[in-house]
Every structure is written in C-alpha cells, then in structure tokens.
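Asker: Here is what each chain is made of, one letter per residue.
Number of protein chains: 2
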Amino acid sequence: MKADLQRAAEAIRQANRVVLASHINPDGDTIGSSLALTHVLRQMGKVAVPLSHHGVPEIYRWLPGQEWIVRSVEERDFDLAIICDTGSVERIGEARGPVEAAPVSLCIDHHVTEGSFGQIRVVNAKAAATGELVYALLTEMGVTPDRAVADCLMCAIITDTGVFRFPNVTPQTLRIAAELMECGASPSEINEIVFENRSLAGLKLLGRALEALQLSADGQIAWSVLSEQDFLECGAAPEDTEGIVNHVRAARGVQVGVLLHQLPGKRVRVNLRSRNGYDVRRVAEAFGGGGHTLAAGCSLDPPLNEAESKVLAEVKRWMA
Amino acid sequence: MKADLQRAAEAIRQANRVVLASHINPDGDTIGSSLALTHVLRQMGKVAVPLSHHGVPEIYRWLPGQEWIVRSVEERDFDLAIICDTGSVERIGEARGPVEAAPVSLCIDHHVTEGSFGQIRVVNAKAAATGELVYALLTEMGVTPDRAVADCLMCAIITDTGVFRFPNVTPQTLRIAAELMECGASPSEINEIVFENRSLAGLKLLGRALEALQLSADGQIAWSVLSEQDFLECGAAPEDTEGIVNHVRAARGVQVGVLLHQLPGKRVRVNLRSRNGYDVRRVAEAFGGGGHTLAAGCSLDPPLNEAESKVLAEVKRWMA
Numbered sequence: 014m015k016a017d018l019q020r021a022a023e024a025i026r027q028a029n030r031v032v033l034a035s036h037i038n039p040d041g042d043t044i045g046s047s048l049a050l051t052h053v054l055r056q057m058g059k060v061a062v063p064l065s066h067h068g069v070p071e072i073y074r075w076l077p078g079q080e081w082i083v084r085s086v087e088e089r090d091f092d093l094a095i096i097c098d099t100g101s102v103e104r105i106g107e108a109r110g111p112v113e114a115a116p117v118s119l120c121i122d123h124h125v126t127e128g129s130f131g132q133i134r135v136v137n138a139k140a141a142a143t144g145e146l147v148y149a150l151l152t153e154m155g156v157t158p159d160r161a162v163a164d165c166l167m168c169a170i171i172t173d174t175g176v177f178r179f180p181n182v183t184p185q186t187l188r189i190a191a192e193l194m195e196c197g198a199s200p201s202e203i204n205e206i207v208f209e210n211r212s213l214a215g216l217k218l219l220g221r222a223l224e225a226l227q228l229s230a231d232g233q234i235a236w237s238v239l240s241e242q243d244f245l246e247c248g249a250a251p252e253d254t255e256g257i258v259n260h261v262r263a264a265r266g267v268q269v270g271v272l273l274h275q276l277p278g279k280r281v282r283v284n285l286r287s288r289n290g291y292d293v294r295r296v297a298e299a300f301g302g303g304g305h306t307l308a309a310g311c312s313l314d315p316p317l318n319e320a321e322s323k324v325l326a327e328v329k330r331w332m333a
Numbered sequence: 014m015k016a017d018l019q020r021a022a023e024a025i026r027q028a029n030r031v032v033l034a035s036h037i038n039p040d041g042d043t044i045g046s047s048l049a050l051t052h053v054l055r056q057m058g059k060v061a062v063p064l065s066h067h068g069v070p071e072i073y074r075w076l077p078g079q080e081w082i083v084r085s086v087e088e089r090d091f092d093l094a095i096i097c098d099t100g101s102v103e104r105i106g107e108a109r110g111p112v113e114a115a116p117v118s119l120c121i122d123h124h125v126t127e128g129s130f131g132q133i134r135v136v137n138a139k140a141a142a143t144g145e146l147v148y149a150l151l152t153e154m155g156v157t158p159d160r161a162v163a164d165c166l167m168c169a170i171i172t173d174t175g176v177f178r179f180p181n182v183t184p185q186t187l188r189i190a191a192e193l194m195e196c197g198a199s200p201s202e203i204n205e206i207v208f209e210n211r212s213l214a215g216l217k218l219l220g221r222a223l224e225a226l227q228l229s230a231d232g233q234i235a236w237s238v239l240s241e242q243d244f245l246e247c248g249a250a251p252e253d254t255e256g257i258v259n260h261v262r263a264a265r266g267v268q269v270g271v272l273l274h275q276l277p278g279k280r281v282r283v284n285l286r287s288r289n290g291y292d293v294r295r296v297a298e299a300f301g302g303g304g305h306t307l308a309a310g311c312s313l314d315p316p317l318n319e320a321e322s323k324v325l326a327e328v329k330r331w332m333a
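Protein chains in written order, with my numbering: chain G, 14 to 333; chain U, 14 to 333.
If we strip away everything but chain G, and leave its shape as in the complex, we get (with noise of 0.2 Å):
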C-alpha cells in the first residue's frame, strides 16, 4: 500500500494536464473523491478536468467545485489519468476516451473485484471509501486538506458509510474524519443536505412503504409492496423508493427486508437487505440479479403480487 502511494505521489507531481473520471449512476463517494483531488491539483498549478458521464446528482450539488465537473471532453492529450470508485473503465461511460487515451493511468478504489484498470493502483478493499484513499494519498504527498477538500472527502465518507452507520466503518474511517472535521468540515450538516432531505412525495411513499408493512409467521421477513397506484397517488417518482428497504429492515427481529415496487410499463423490482450475514445476493441471483451479502437487488415480470409470491419463496427457502 505504501509503496502504490508512493508511486501515485510520484505520478501526480510529474504530470501537467490530469483527467479525473467517476463511476456512471455516480454516488458521493466517486464525486467526492474526484473533487477532492481536482482542488489539489489545481492549487498545485495543474490542468485538471473531472469528468462524470451522468453528471452531478442534486443532492451533491452543493459540493465546493462542483460546477467544473463535465459529462465528457473533446482533448486526448491528458498526461495522466485517475478513476475514482471503480477499476473498470466500463463504469466510466464516455470519460473512456480520454482515460484512454493518456499515457499513464492511476485507480483510486476500495472495490477489489471490479476490473483491473490502472498502472498505479490504490487500491485497498479494507477502505470503507474510496475518499479514504485519497485522503491516505494527501497525507503521502504532504497535503493538508483545506475546507473544500474536507468537505469533499467527508462527504465520500459519509456516503459511504451510511453516516458511519455501516459495518465497513473501522478505527481508521473514525480517525480521518475527525482530521476532517479540523479542516473545517461538518458531518451533521453534510448529513442533512445529503441524507435529510428528501422530497414530500418521496416521505409520503416511505409512509406508505411502512404502512403497508407485513411480516413472516416468524417473524423475520418483513416486506412491502408499492404499486403504479402508490407512485400515482403520491406523486413519487423512481428515484424515491432510494433507502426505504432499510425502514423495511428495521422492524424488531426482522433478518431480511424485502421492498418490490412497479413503475408503469417497467419490470417488477425488488431490493433485498439482510442482517447477521444472511446472503441475500444469493436470492437476488436466483432471478439474474446481484449485489452484495447484506444488500442485493433483481427484477422479475409483472404482475406484482406473482412477483411478491416468488421473491419470498426465494427468500424462505435460503434462510431454511
């Protein structure tokens, strides 16, 4: 690890003209950490261009550095290169090109399994962000974050971790955002822009999520269902059925939390969330789906409730 941060420090000094790309469906950990290094290159008299193929989702709006970010880019005379969040220039849409097209190439990631991509890799599975990373590639090149770096890294971080919620927070998570926090940046308000803001219509379907909750005989599944009606009726779109699996989780001695939810002339889809290990990317898989251990999701054919019967089949028969 030392030695791939050192190599990266390397790289960063001799290049003049870097080309920062994020992941596609981009997420706070990916833009965060692609920002953040953009403020330091060009504090550090470089070109620096951040590029992200579906743009900046609203709720990272508010990023300091945001504006400069482009959904993609004519040059191909980048000297250096560095993805963020991903290994696989697959996951990087239309910055493949200049990606490409540069000499030499660095990637920044804590996903192990996803693509091989870089002749420099950080990249360290144990980092509950990618932002982690970058901030453990500051410290190798001597840079102390200022508040828009901190901002940016504590929101990769944040994102990440569920608000240090998730079981990927460790001793090191704690330490680097409390380092942040002293270069300005503030975890509660971070939180409330980025985690506490939801839309009316995306409250009043998790109020609907939840009202509609049923549960096993045994108590630990508990499930949801959200109809074309629902969306209708509350005015919701796709985009706010984001979390309401966790609620659904949450219920007192539930393992496995279902939400299936069908949006017009869409297939049925399903999120699955576990707790104790319970591998729910197992049940996802059964209907072509993926995900991880605790987390995983897939999409079945309408109708709904044929949909709900075989998902909790599924799930029943794993946790047998």
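Derived from the structure by calculation, the hints contain no laboratory data. Since the model is a prediction, treat every value here as computed from it, not as a measurement.
In silico negatives: residues of chain G with every beta carbon more than 10 Å from chain U:
(1) 18
(2) 20
(3) 254
Which chain G residues face chain U? A few, computed with CB under 10 Å, are given here:
(4) 181
(5) 183
(6) 186
(7) 188
(8) 189
(9) 190
(10) 201
(11) 205
(12) 211
(13) 224
(14) 265
(15) 267
(16) 289
For each residue, glycine too, the CB sits at the ideal point set by N, CA and C.
Following the hints, position chain U against chain G.
Answerer: Showing chain U alone in chain G's frame:
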C-alpha cells in the same frame, strides 16, 4: 477539567462501596455511562451498585451487566455516590436516598444547566455524551476498557449523537469511538440493536405520520398529526412516536418539523425539531414546555385540531 478528573479518580481509588445513579426516563448515555463505571469498579474489587429509577429500557437490555441494575436499595452505607448524565438529584428518583446519604459525591455530566450536585464535578458541555467524560476518567485512572466497558461507552456515545450524525459530534467524539472500536465495540452492531429495531406497530405509525405529512405554503414547516384512532389502528404505544419528528423534519427545504399526537385521556403532545438554528425551544416555552434550540417539546389541551392551529401559528410567528 484535568484537576476535576484527578480528583474523581482519587475519590474512586479511595472508595470501597459505590452507588451509581442514572436519571429518570433513562437513555443509552446515562445507562451506558453508569454501567461502564460499574464494570471498572467491580474489576477493582469494589462493591458497585447501579441504580435506575425507571429500570432499563428494552433496547438497552443487551448491555453487558445490565442485569446488575436495580430500581432502588435499602442500604445507606455507601462511601461514594456517582451520578451520570444529570446534575440534579430531583432527576434520579428513588436513587436519591442512598446517593444523598453518601459522604462523597461525584457528578459526571455534559449538561451544564442541569443542577449542581456533587462535591466533585466532571462536567463539560462540549462533550457530546457523558460517555465521553467517563472515557476521559478511565484514561486518567490508567484503565483500558475491556469489551464490556467499550460496548457500554459506545452505546452511550451512539445514543446521544444519533450515531455520529448530530451537531454535537467533535473530532474528540470520533477519536474516542475509534479507540472503543479497538477495544472491541462495534458501532454498526449497536446501531442495529438500538436504532434499527422498531416494533411493527411503531413502523406502521411512522408510515401513517409520513403519509399524512403537510407542508406550509412557503415549504419551511412540515407537520403531521397522529390521533387516538391512528394509535389504535396501528396497535401503537406512546413510545412508538420516538424519532418520528426527525423524519418529519427531513423533508427537503424544511426548517422546522412538528409532530402532534394524542393518546386517550391525555393532553396533546408536541415534538419540535429545527435546522439552521431556528430556536424551537422558544415555541415550546410559549406553551409551558422546554428543551434545546434544535429539539423541544410541550403539551397542550385537546382538541387536537385546535392545538395544531395554535402551535403552527406560534412556529410561524417565531420564524417571521
């Protein structure tokens, strides 16, 4: 602070029989702090009796040593009394007898305005939780927390910071939490037990409150009203309202969130939450209630709809 910690450590060294008191309506901070000290005192070979007038709430019954906690004792022969998380003997209920009979008294608290109990006072309003001050005391005593003590203190800190989300979190809070992780405590596991452990009835009640969410014309106030009927239909109890107002305030653009609810034969209970420093305590005080700037509460006479109008008018008046 250092001198107070030294005096507290010395008082503990000299004591043989110690009574510890939590405050009434106990939370994870008062119970966790008191239990952490009980473990350490017993490991030092002393008699240590933790008292909690209202016992141990169900969500804290996993804490190691919680079975030692009793509601009252006959004995009046303790040589040291420690009260955790309040400085007021009015707030310790039946523990007052043995506590006031002890010749030496120690208060460990992060509320500065709440009483002045204790010959020795380890009191610091900058600590996010009393658990932080107990950790500082253990450091002063040269004690490294074992797993049980670390669990108790992590629970204390997590409860009072909403798992590191509230504005009271400091770099010191995060560093102490990092140390406690290294002693074996897991914030994600404690979060699941304490915060992601709602009854089915409580989730349905939350759902109903969110479905009924209303926004003021300027979008700055969100409120919801739960009637006796809602509690009946959800099978919910008063404690199931816990935390609902935080979800109400989480609506985008909202500065003040209000939850009103009524239980059979009771007054209308009002919970208020704000962002950006709108002082909702002033609103609560207008109706004889109290609290903090960002979180306050009060009670009004029925009927519910009149109470709703009065409280909203007062919130609007304060925001104007």
